[in-house]
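Residues per chain, in single letters:
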Amino acid sequence: MTPIDDNHLHSDPSIETRQPHGGAPVSATPPLQRDVARTIFQKGAPGRRAFVCPELDVPAVDVGELLPERFRRSEPPRLPEVSEPEIVRHYVGISKRNFDLDSGFYPLGSCTMKHNPRLHERVAALPGHARLHPLQDPEHAQGALELMWNLQRALSEISGLPHVSLQPSAGSHGELAGVLLTRAFHEDRGETRHKVLTPDTAHGTNPATVTMAGFEVVKLATNADGGIDIDDLRAKADTDVACLMLTNPNTLGLFDPNITAIAEIVHGVGATLYYDGANLNAVMGLSRPGDMGFDIVHFNLHKSFTQPHGGGGPGAGPIAVSDRVAPFLPVPVVVRREAQFDLDHDRPKSIGRLRGFQGNYGCFVRAYAYICSLGGDGLRDASETAVLNANYLLARLKEHGVAEYLPLAYGELCMHEFVLSGGPMKRALQIKTLDLAKRLLDFGFHPPTVYFPLLVDEALMVEPTETETKETLDAFADAIAAILREAAEDPEIARSAPYSTPVRRLDEVAAAKRPVIREVMA
Amino acid sequence: MLAVIGVPTLQEIFDRQIPAPVRLDRALELPDGLPEQDVFEHLRALAARNTSAEDELSFLGAGMYDHYVPALIDMLTERSEFLTPYTPYQPEISQGTLQVMFEYQTAIAELTGLPVSNASVYEGPSAVAAAGYLAKLHNGRRRFVVSAGLHPHSIQTLRTNAHGYDAEVIEVPLRDGVTDLDAWTEAIDGDTSAAIFAQPNFYGAVEDAAALSAAAKAAAGPAGGAGPVVVAQVDPITLGVLAPPGDCGVDVAVGEGQPLGNRLDFGGPSFGLFAAREEYLRRMPGRIAGETVDVDGRRGFVLTLQTREQHIRREKATSNICTAQALNALAGVVYLSWLGRRGIVELGELLLARTHYAREQLAALPGVEKLYEQPVIREFALRLDADVAAVRRRCAEQGVNPGVDVRALSGRDEDRGVLLVAITERRTRADIDRLVDVLGAAVASEQRETVVV
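So the protein lines, in turn, are chains A and B. Just so you know, we're using numbering that gives the first Met the number 0 here: the first sequence kicks off at 0 and counts up by one. Just so you know, we're using numbering that gives the first Met the number 0 here: the second sequence kicks off at 0 and counts up by one.
Same shape as in the complex, but just chain B (with noise of 0.2 angstroms):
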């Protein structure tokens, strides 16, 4: 091979390209490469250290959650037609991941209630901060309005992006679990870019969506004009039972994909939805796919409206995304069309009745309480008189995890004493029961040590 690029060694190929003074000349600092086998066991060691939903009874949620993931999901990604080609940038040869993207494209518009829906995103919170940016090219304007019931990562990120473009992001509080309508009301203006609120929202409460999007609208004002841009960060398992954004009045849905059919993975990968209204078409981040003809009148399928993407607009682009998430995706549409029309319902209608009766059995416990009244679906928040790290700890010990510490996560004061529980499909009647055995045991104890302390 040297021979025919004419060069007499391979190093000579690197002293004629990289300059002496940034060669690194030593070898770089890392152990030894290993065989398939060690590395395995490697990773299997590294993994035995974490405890999984495999190894405890686990209620966590806030974000991504422990649904069942069919069997044929993990056949299907790790098809090599679909895990290993890029981006379809050559149609004729990527009619099958495009068509991925189609179906996906037409599932999530019909689970949101909204027509236009790109091919995905990177996740959830960083969904919502696209959907800030898609309402400032929309508006201009540079003002955030958002309920403190959406995910604190979600405001986080949002803040993170809306600083480097010199927007200000304003939290409304919540009233009794949910937006305060009032304080939402009055916090939008005629210079509010978008008002973003998320259904069910962080603690788990059902919001008044339609009210919270017709508020948003009225509010504008008589001299602001167009309302703003109402942004609703909406979690797909639920939308089997919940009101689509699409019904309620809301511009633009975004989510966190994990529960459809994608694994938890400590936080990743997964994918984000993006769905809006038509007019928001061609301000949208991301691929699209859309259907066309090939010469001889075939049809198929191809990226479109790329006249938004950063490889063709570069400066001028909606967005800078280019790898997305498009496997975590394919698992999703797979998850949609194995549960089907009739199954979205049922599994949305058994998490109501199983979230139910763990909000009843847990808040009937001596020195645990509902955080607010307001209907919940998958996921709710109690307010334990105990510390919730120490009765975590002690839910632990005996192979529980009773949910999430909420003050840890968002860093609010008022949420000490907050445990946000989640319920999967995963969780049974039986085990639902064995948390409230433990919980109430834990916070019992720990209520006792206190006095005694």
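The shape of chain A in the complex, shown without the other chains (with noise of 0.2 angstroms):
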């Protein structure tokens, strides 16, 4: 890629500018985000602070008397010297260099990028909740459980799985849980099975929890229209398999037509069923993994149940099993006793504890008031309407000028989320599914994802979710067909875009190649 001499470009804040052949417009950036970057630790200056110590109240002893040198630390580390209106526009100002769901539309597939109710922030806030110590005793943390119970019935009853634990961090720790929980089941029948089925649409995170959990991936292959290739999936499940890893909806966004068939040769051979709750936000009061024979689900709460996604995490990864999983599940687990809430650490048959304490118990009140306003009728519309927002989407998509360029991979419609291949663009238009995403920063949008899943050439995997506008979905449709057209004129506009964000295309290689993970300071 030689990049065009686009100095004028980004010097130039107009608009037009930026827009040589007339596109849409762009979402301009004040200057402030372009200032070089510098960090926290390059602010500030000696003796400076924001913090003011607590008096000693104490009477004073030598340091020296309560810590002996040996152990004690020569140097202080070298934090900031920072006071604290610096690190409020430092921080707010860095903050502006990001792109957010409550900005713009983040269509960004299997993520499941659904508005954040502020309610959610101010009940988790509340200092019952907030300030409650993980380990206050059962009788006096009544109202915590109570809210875990209710969050586990409802996750039970949206799964049809009878059993829940809250406690994984995250939809991996989640998959990492249910396929150790496979590994006990199986142990207790006196079976050691070594072989973990994932399709080759899955996650990456499902073949790299096999791994970590000590079985070996055997890969499926994915059937012309776009499902488990039964034939594949007949030939390598045998009594050495312990469990298939299925998404369902898949990660092409289909629902697999043979699930019954599935599940019936995974448990033909003793195996278990491994549901990735990733794209559950499909099928909540439609369809229930527990009813599809799935023997353990995972929840992602900050995808379906939207806890924020806040950069990166916290998430919450709860479980559901069948009854014949349930000993497994890890410790401990809460029960209810007549009208008291318990936590109960005596399961024998546990396959321990996946961490500290309940979990992330803030993730839990932020899901369980989502359920609470919506119900279950309003959570099976969210799934329509998810649903038929990906499939209006998709219609759009399917339009002249932009579907010979972007057709949809497999099917006809879609789940919650379709995947487009970019090859036909590559091919006819000269820029590549990065180019289209990278140009759609100058448009305000957030790109779908791209490249997975991986057996689609030039992948682009779109997820509106249910709370877009009509509005929204046609003006992302348009910035699609508008990027094509301006390809088709000049392919170099979005071969060296964006031209309008806080910094531009950055080399990945060199960060590579030479890591610098950290600020070098004097």
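Hints are supplied without guarantee of correctness; some may be wrong.
As the list claims (entries may be wrong) - Capping the alpha-carbon separation at 27 angstroms, the derived lysine-lysine pairs in DSSO-like fashion look like this:
1. LYS218/A to LYS315/B
2. LYS431/A to LYS512/A
3. LYS235/A to LYS194/A
4. LYS42/A to LYS95/A
5. LYS397/A to LYS431/A
6. LYS194/A to LYS315/B
7. LYS315/B to LYS235/A
8. LYS397/A to LYS348/A
9. LYS397/A to LYS425/A
10. LYS218/A to LYS235/A
11. LYS315/B to LYS512/A
Hints are computed from structural coordinates only; laboratory data are not their basis.
Reassemble the complex: the two chains are provided individually, in unrelated frames, and hints are given to aid placement.
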């Protein structure tokens, strides 16, 4: 790629200059965001500070008496020396170098970037939740345990599986729990199995989890319709297979029509069926993993249940399981004993603990508030609208001028997301999916997930969610069409995009070759 | 919208995709949705049924602590720009998050005295398990030697994970409150993948980290070649006064980040810190932000070394971790900036002084003694000559939560009678004096009652 000489483009703030071919308007970037990045470690001055230490109200004792010198730090750590106003300016300033869901459309496939109601932040911050110590005695944490119990019951009903553990910290952690549960389930029956099946469309976390849990990954092929290749499954399903990990709808946004047959084959060889809940937002109240034959499900509370994504967490990855897997659930489990709620640690067949304490309770509060707000019918509405929005956007992108460059990879309709192939675009217009994604930044949109799933050439994975309006979907479809028209005239514009962002394309190769991962201080 | 899609009804979209046998033919059995204010009242009523650190004089610790969270953290973590984006896959519009990660990594490297830090993992105990997995990838061995002074949740989490890849976990007992150096040396051999201890340990005692690291390295024996990976679970808020693990021969430092500007939240979300020597960089779990330049030569940050990660490397990844704790790590680095270079030392010294005061006052009570004599910083263990649960109940009636009943947490018989008391900067001398009064009375009453019975 040869970057064009575009110094004039970003030195001139006028939209016209940045849009030589009259594309849709871009979001102009205030000059502030273009400042050269300086870290907090490069600011401040010796002796400057924000913190005022509470007074020493106990008798002063020489530090050397309390902590022998050999245990002590000789030099203070070189933390910043900054005032509170400087801290605020610094972080508010760099926050403006982020694009976020509250500012615009974020159709990142498989990530379910739905609106985050601020009520959830308010209730999570109530001191009764936020300042509750995790080792508070259960009788003094009845509100928290009741909330967890209610959330467990709701997740059980949504998944169609009777038992829930809220403990895992994120989806990938839920996957690890699930595969370790599978191991315990087989070991309990005196069996040692070595393989776990994952489709070639699987999220990367699935095969990574399998390895961490000490199993070998066996890949399953995808058929022409985008589902599991049943013949391949039959050929590979044997009594050395511990589990099949599946996402349904899968990462192509397609509900596997053969799910019942798949479950039969997997159960027929005595293996468990694991449901990656990353795509649960498609089916809440419409179809339940438990009814499809899954034994273990993880939920991403930061996806379907709108815990804010936080720039990459926190999340939470509760799991729901069938009766036969329940004895192995991680400890502790929230239980109800008549009118009292308690934590049960005495579960002899448990796989043990996956982390400290009870899980990401702050995420439970938010997810529970969401479920209370929507109710059963509301959750179903959310999924229906998510699917409607995805199909509408897909239909808009099937229009003339787009579909010939960005065809749908599989199927005709979709569930909550869909995957386009940028292969024809790359061949016809000489721009790659990456270029399209970068040009979308100039149009004020977060791009879809790109280059995943791996089996789709130049993949573009779009998940609009239910909280977007038709106007937003139309604007996005129009932007895609405009970029394609623009590329037909001059592909270099997309290839050198973005122009309006705080920084432009970054040299990732150099970053990995000579890693600089902290500020080098004098 | 349906006309554009080309279907007569929304139902048809589902009918054409979801086979009838797996369609849910009824409504979900969940309560009806509620207006915002009703949800607020419901969640407020639940909160009111919890006794938080706001409602009692609490000395609970054992992994999470009631430190003061400055107001600017709430303001910054609630900003849409930090709260609502996801993982910075598109660096051009994620410089805020990426720079925070880079600054966080810098702060953690400074604090631990280790050159490389990732952008955080889930939390403390699972960070210990992640360090074990890194060691297993590094040397291929399947034997972990852990100090009994490691937090019980860390040991249990390590065991859960190690069972998956068929590694064993061997526990070394304590002597006089700290890891028994002889037993430690004896337990470590040429097959030991990692040797793991906590600093300060679970019981609050300061370990001789340098001695433990040196012994572990030496214990691998003449035939064993390289020694085990030495892992320390550290408490970051003590590192203003305690020697950093990097200076004590530790290879990998992990820890619970909650004390750094994160709420208690009944146990999470918080973050796990994970720092290491350079040679472990390419086996680290989790996201790492790196510095680079854009096409115009402007400084910028990207996710780097992604070939370690699950979305690129799949079954060969060094970890399965994806979504972690970015927002909590932001709170951590803002907190460290707020404390600053001097503040972290001043705070550490204040904790040291108040903790010392509390320990001496409490240990002077009849029926109460120190569990060990070793130095402590922010937490210490006492042995009560009375039933801990009963004493705690008596204290609770006075609005005081005197600390953690250790046996209930550890399950160890030798921890019967042990109370773990945490002192944060929010606990003043007056608070400590009140604890002394209330605990003293509770122990005395309990002893009297036991004698009568």
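Now for the hints, and whether the structure bears them out:
1. Of the pairs offered as hints, the one joining LYS218/A and LYS315/B holds, with about 14 angstroms between alpha carbons and a cut-off of 27 angstroms not exceeded.
2. Distance check on the hinted pair: LYS431/A and LYS512/A sit about 24 angstroms apart at the alpha-carbon level, within 27 angstroms; holds.
3. For the proposed pair LYS235/A and LYS194/A, the alpha carbon gap of about 10 angstroms is at most 27 angstroms, so the pair holds.
4. A distance of roughly 18 angstroms separates the Cα atoms of LYS42/A and LYS95/A; the hinted pair therefore holds under the 27 angstroms criterion.
5. This hinted pair checks out: LYS397/A and LYS431/A have alpha carbons roughly 19 angstroms apart, not beyond 27 angstroms.
6. Under the criterion of a C-alpha separation no larger than 27 angstroms, the hint pairing LYS194/A with LYS315/B is consistent with the structure, at around 15 angstroms.
7. Simply put, LYS315/B and LYS235/A have alpha-carbon atoms about 21 angstroms apart, close enough for the 27 angstroms limit, and the pair holds.
8. Taking the CA atoms of LYS397/A and LYS348/A, the gap is about 53 angstroms. The hint is violated against a cut of 27 angstroms.
9. For the hint linking LYS397/A to LYS425/A, the alpha-carbon distance of about 17 angstroms falls within 27 angstroms, and the restraint holds.
10. For the hint linking LYS218/A to LYS235/A, the alpha-carbon distance of about 9 angstroms falls within 27 angstroms, and the restraint holds.
11. Simply put, LYS315/B and LYS512/A have alpha-carbon atoms about 20 angstroms apart, close enough for the 27 angstroms limit, and the pair holds.
Comparing the model with each earlier hint shows a violation of hint 8 alone; every other hint is respected.
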